[in-house]
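Colleague: Please work from the sequences and hints to get the whole structure.
Which chain is which? The protein sequence lines are A and B, in order. Under this note's numbering, the first residue of the first sequence is numbered 3, with each subsequent residue one higher. Under this note's numbering, the first residue of the second sequence is numbered 3, with each subsequent residue one higher.
What the hints contain is simulated information worked out from the structure, not anything from laboratory work. In this text, all values refer to a predicted model and were calculated from it rather than measured experimentally. Built from N, CA and C at the ideal position, the CB exists for glycine as well.
Facing chain A, according to a computed beta carbon distance under 7 angstroms, are these residues of chain B, among others:
#1 A39
#2 D54
#3 M55
#4 L57
#5 G97
#6 R158
Okay, the calculated beta carbon distance ranges per label pair:
#7 B/G338 / A/R64: 52 to 58 angstroms
#8 B/A106 / A/E119: 37 to 43 angstroms
#9 A/P314 / B/E328: 55 to 61 angstroms
#10 A/D108 / B/G233: 46 to 52 angstroms
#11 A/R65 / B/G186: 37 to 43 angstroms
#12 B/P28 / A/N337: 49 to 55 angstroms
#13 B/G153 / A/R65: 49 to 55 angstroms
#14 B/G327 / A/G104: 39 to 45 angstroms
#15 B/G327 / A/E119: 37 to 43 angstroms
#16 A/Q22 / B/G327: 25 to 31 angstroms
#17 A/T123 / B/P5: 41 to 47 angstroms
#18 B/E328 / A/A195: 54 to 60 angstroms
#19 B/S152 / A/R20: 24 to 30 angstroms
#20 A/T123 / B/L317: 47 to 53 angstroms
Heads up, incomplete: computed chain B residues facing chain A, CB under 10 angstroms, no partners named:
#21 L32
#22 D36
#23 V40
#24 G138
#25 L146
#26 S150
#27 F347
#28 R351
Number of protein chains: 2
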Amino acid sequence: MDPALAALGEFGLIGLIRRQAARRSPGTLLGIGDDAAVVAIPESGKLLMTTDMLLEGVHFQRRWARHRDLGRKALAVNVSDIAAMGGSPLYALLGLGIPSSGIALDELKALLSGMEEEAATHGITLVGGDTCRSQGALVLSVTLVGTSASGSVLVRSGAKPGDSLWVTGVLGGSAAGLLALEMGFRPGVTWPAGIDKPAWLHETEEAAIQTAMAAHLTPAARVQAGQALVGCATAMIDISDGVASDVGHLCRESQVSARVLADRIPIHPGATVMAQLTGRNALDLASRGGEDYELLFTATTDPNPLLAEAVPDLLATRIGDMSGGEPIARLVQANGVVEPLLGGFDHLRGAA
Amino acid sequence: MDPALAALGEFGLIGLIRRQAARRSPGTLLGIGDDAAVVAIPESGKLLMTTDMLLEGVHFQRRWARHRDLGRKALAVNVSDIAAMGGSPLYALLGLGIPSSGIALDELKALLSGMEEEAATHGITLVGGDTCRSQGALVLSVTLVGTSASGSVLVRSGAKPGDSLWVTGVLGGSAAGLLALEMGFRPGVTWPAGIDKPAWLHETEEAAIQTAMAAHLTPAARVQAGQALVGCATAMIDISDGVASDVGHLCRESQVSARVLADRIPIHPGATVMAQLTGRNALDLASRGGEDYELLFTATTDPNPLLAEAVPDLLATRIGDMSGGEPIARLVQANGVVEPLLGGFDHLRGAA
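Modeller: Spelled out as structure tokens, the structure:
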């Protein structure tokens, strides 16, 4: 254990988190420091609850993820779940398993600062948590409670045959960013030492790799977009496992089938570059990579006018359609070949 | 990874948890299977939120804790936090980090069954969670949301000089149970093989050791007692770190001092036996052992009449008094010697 951390002790650390956690939600009646947090809930009385863990070695590597970014991401992936319901995030709890060796007090402080930054972006208040020792890996477990401002929530089961299928933004950036980090790229390091740079790679491609790494390290949850889409989407999910897997979830929960057009999937420019650099397929990164935290949804009308009002620089792309029949998803290749759309990451099986 | 678990896959496991999770709270609008759970909250609109993690190797050892008991305890320690506020538990989320090796599907099923049993005891509905692979240890992270039926909550900061200090039940059982497990005792195994049994140890002592192990492995949260005490307690906390540490929390949060009389601390009979067997001090097990999940509270009147109505077989014992001055706790030994009451477990420092 880092001597500064041991000197501070568990309750010193809790005190530090408590002093740092700003009260952003007016309903915070009792925050960190008691057996449970006490919060007031707006009159709608409809509460959204979600939890997502980030485990070292599984979800992140500390050798390339800065602690500040880890703190941001641990909260952001939960915010994305609330966004995918069309909701507003309000209160967070942090479970923190601190490895007996290998983390310094300053690194923990950076992690907590990152989480507070992400909380500030969305008006979230950190109201409680649990701090303990972990024998091996750093464990970050965040729970987020939110509400639905409109009283309506967007579930996975609302898609109907005839609905069109849409996705916000571009896909594959996170997977490409992870490939880049594995190759030795870092934020601000445009080319890794000791590797020959191909002739076709210029500043535009380098910039695309940088934005891909940012998409992986500090994803942005689509809260405003999710809220705007309550007005027109029929079903919604965030892309955490990969669009291939997440379309499957929509199909199963809604009991409809999906047809996804491969050449309509919007590919992150960094995915195109990293695919070329590593001999991977860009469409594969975009459809099976996961962790893009864009919104995948069905609708009966073009969502872009509504979306443009809420988030001026975000476009939704129509990537397919829903039909009846067996609840499975199919991919229509550019050459017209139709194949099952399978895959995405399965934690108990590994990558598909 | 266990072949049966890999064959089931992450989403198969989530499906299994979903089918097993009974809807006990009428406000469950949308349970497991979407991006977030959606629940309705009773009109009071005052929500209690808590999270507690159990990490393998830190909070439990799978070589002696049955998976069913682990599932019970992971939820029970959270229920205890809601109980310590005088609240009613309602909705739970489970974060589950599954070690890549060393856990079988049947063991996971037993763990989930144990959690459902504990949920059934308290009318809790498991509404969501997160399932992922863990590189090393089994990670159980539970979040529990509850409400205050009366609209009042019992916080740590309400104690005043002149209040008396009380504890429910007996202390040291959990610490004694852990010592017994370390010695080779097991539930149903009244004496470990290969160790000479002392002449003073008979059936009564063996039974006390069994109840101590049960206190450690499957603690019972004091929900009914907590709710009853809303009528008379001024401040309350559950005993998770040990009474020595938890009195300190009450003192700091209430800005009062405490005087605890050593010979008033109610000692679990198993703690007396295990202290004698291992050369430890029974009072030390009772005051610094932790994990008893009894309620420690301050009051201005005798709480036992109220308590007896709610939980007929549970007694509260007056163990001291609160005064003004520096917010620290002192222990008055049976011989009249007064010493600082320090200690309890600190996750970043180890045992005091």
